[in-house]
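Number of protein chains: 2
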Amino acid sequence: MIIYIKISFFVSKMSKRSYAILGTGALGGFYGAKLQKAGLDIHFLLKSDYEYVSKSGLVIESKDGDFTLTQVNAYNDIEKMPQCDVVVVALKTTQNHLLPQMLPSLVRDNGVVLVLQNGLGVEEEVAKIVGNVSIIGGLCFLCSNKVAAGHIRHLDYGQITIGGYASSYNPTGITDKMRQIADDLKSAGISIELVEDLLLGRWKKLVWNIPYNGLSVILNARTDELMSYVHTRKLVEQLMYEVAAGSKSCGRIIPDSFIQTMLDYTVKMKPYRTSMKIDYDERRPLEVEAIFGNPLRKAQAADVNLPQISCIYQQLKFLDEKIRV
Amino acid sequence: MIIYIKISFFVSKMSKRSYAILGTGALGGFYGAKLQKAGLDIHFLLKSDYEYVSKSGLVIESKDGDFTLTQVNAYNDIEKMPQCDVVVVALKTTQNHLLPQMLPSLVRDNGVVLVLQNGLGVEEEVAKIVGNVSIIGGLCFLCSNKVAAGHIRHLDYGQITIGGYASSYNPTGITDKMRQIADDLKSAGISIELVEDLLLGRWKKLVWNIPYNGLSVILNARTDELMSYVHTRKLVEQLMYEVAAGSKSCGRIIPDSFIQTMLDYTVKMKPYRTSMKIDYDERRPLEVEAIFGNPLRKAQAADVNLPQISCIYQQLKFLDEKIRV
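Chains as they are written, first to last, in the working numbering: chain A, 14 to 338; chain B, 14 to 338.
Bear in mind the hints are in silico, worked out from the structure with no lab data behind them. Hints are not guaranteed to be accurate.
One copy or two, it doesn't matter: identical chains are merged, so the pair holds either way.
To be verified - Straight-line Cα separation of at most 27 Å, DSS-like style, residue types lysine-lysine; simulated pairs:
#1 Lys-261 / Lys-93
#2 Lys-76 / Lys-218
#3 Lys-335 / Lys-281
#4 Lys-159 / Lys-68
#5 Lys-283 / Lys-335
Bound conformation, chain A alone (with noise of 0.2 Å):
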């Protein structure tokens, strides 16, 4: 006689699911909040705002609906937290350094660290860093903003699209640990889609964010502006060619039509000050590494150069340096 048990966290689609919020912003502040509000169990990591949100709780301003949690569970201290079922890494990438620390006692044996971040390579770092759990990615499309402490104005957009990431960056397929977090976030109201190859997704949000990200902080220019020069239309539509000759370096194809549709889509977008350049508006670090330093490195192990992202990223490595002296 054979007794078989499968011990399980993710047990069916019904448990209550944990989740650790690491970084609290604008990002990680408007999820995190969502989830709560659809009945998650959800502990959040502050800094600056510990004070006031484990007082006052969160108010979230949404074009979905407004929103007030009086109660919340707020940390300062990594320490003081539960281990959690899913960990959420909503720092910015900058910040990625205090991963080690955080990471290891917080997610639980069989748990998920779900990597809600820009750029490219964060899930291998974390790979390196916890062992027996699974890494998702999540790409946000969001607009929204921390306008005071505990206090969240969400503008536009919000969807998420999640992959799996295996060794190597193999895709994953569809697992059902996606599915189970894809359906908390669901609950929560939360647009998802699930993508079998996480770093073909990654890959295609940067011919987005490469261009507009780099030009708008180099430039000073909002993308309306980028887009209604021709010259600047012409260079940002070159350096999305670039990201793809960067994801074919790593096996991934991004069709030509993708370009063109990432170029109508935000030539018919609001006129819009990008993420990276809020952040040097605000003099904070800028996820230049993350976006441009890890695809650049990537491209240049499959021996392919990629020049005018190359520009980009020493000019903009300058110009954070130089806002930090």
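Got chain A; can you put chain B on it based on the hints?
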């Protein structure tokens, strides 16, 4: 019996050649004043400073000694200027659309047009405008500013490298006219180098101008800042190698050692705000086409792509157009 008469305005070194100076600014005003002081017959075209200079003359403050010319031949109308042996083009290249109205009536048959401008390709344009004249290009290494009407402050350097222009920039070697012009300039205390191949000389000057002029504007930086940050230091070098690739596409070889010399030279230089940065700060049109656009098109015509220079060019076009909105 054959009577052979050689008619020339350049009969001997001692003849007093007449010079027209188009553009009496920091550069044209400085060299023109030096030539007049040396006894040559000089005629200055002015715009905004015409009233002042025609009454009060020119004041030159110079590290080589100050001097004042109380009386100068000043004009604000090209029609009133006498025909001259040598027409010195000392306008910014952004004014070159005016040359077809200026040059034909002003330069004597068998005279010289001396182009003291930055960039590439201007001699070709001049050749299309005037027929029976020699065209000589001059590369000025000069730190000079106009500090008030008719008042020029010469800070450093001053040497001119001149080379003859022939159709398609075929090297002319050292011509008699080059020697005669050089003698006039030397008689005025101006250090002169003669080169056999003007196009090689112009590409070599671009090795400095393209990275430093371009990046100083885009990154709001002086030369010392560009050299003290590792990423811009590297980008400067990469841009220099692209200039050498552009030069090679025209059959002109710039050795690696020249690039190293330019880097070393700039590290040792006093912190310097480039001429293009000064133009940008003063909201004057930038010489983007002469310094960036023409070299790119020359290389493109030989099927050579210069992606990082192209990136800088497109960024500068955006900034140049935007400040004039």
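Would you pick out the hints that fail for this structure and give their numbers low to high? Hint 1 is the one this structure does not satisfy, whereas the remaining hints hold.
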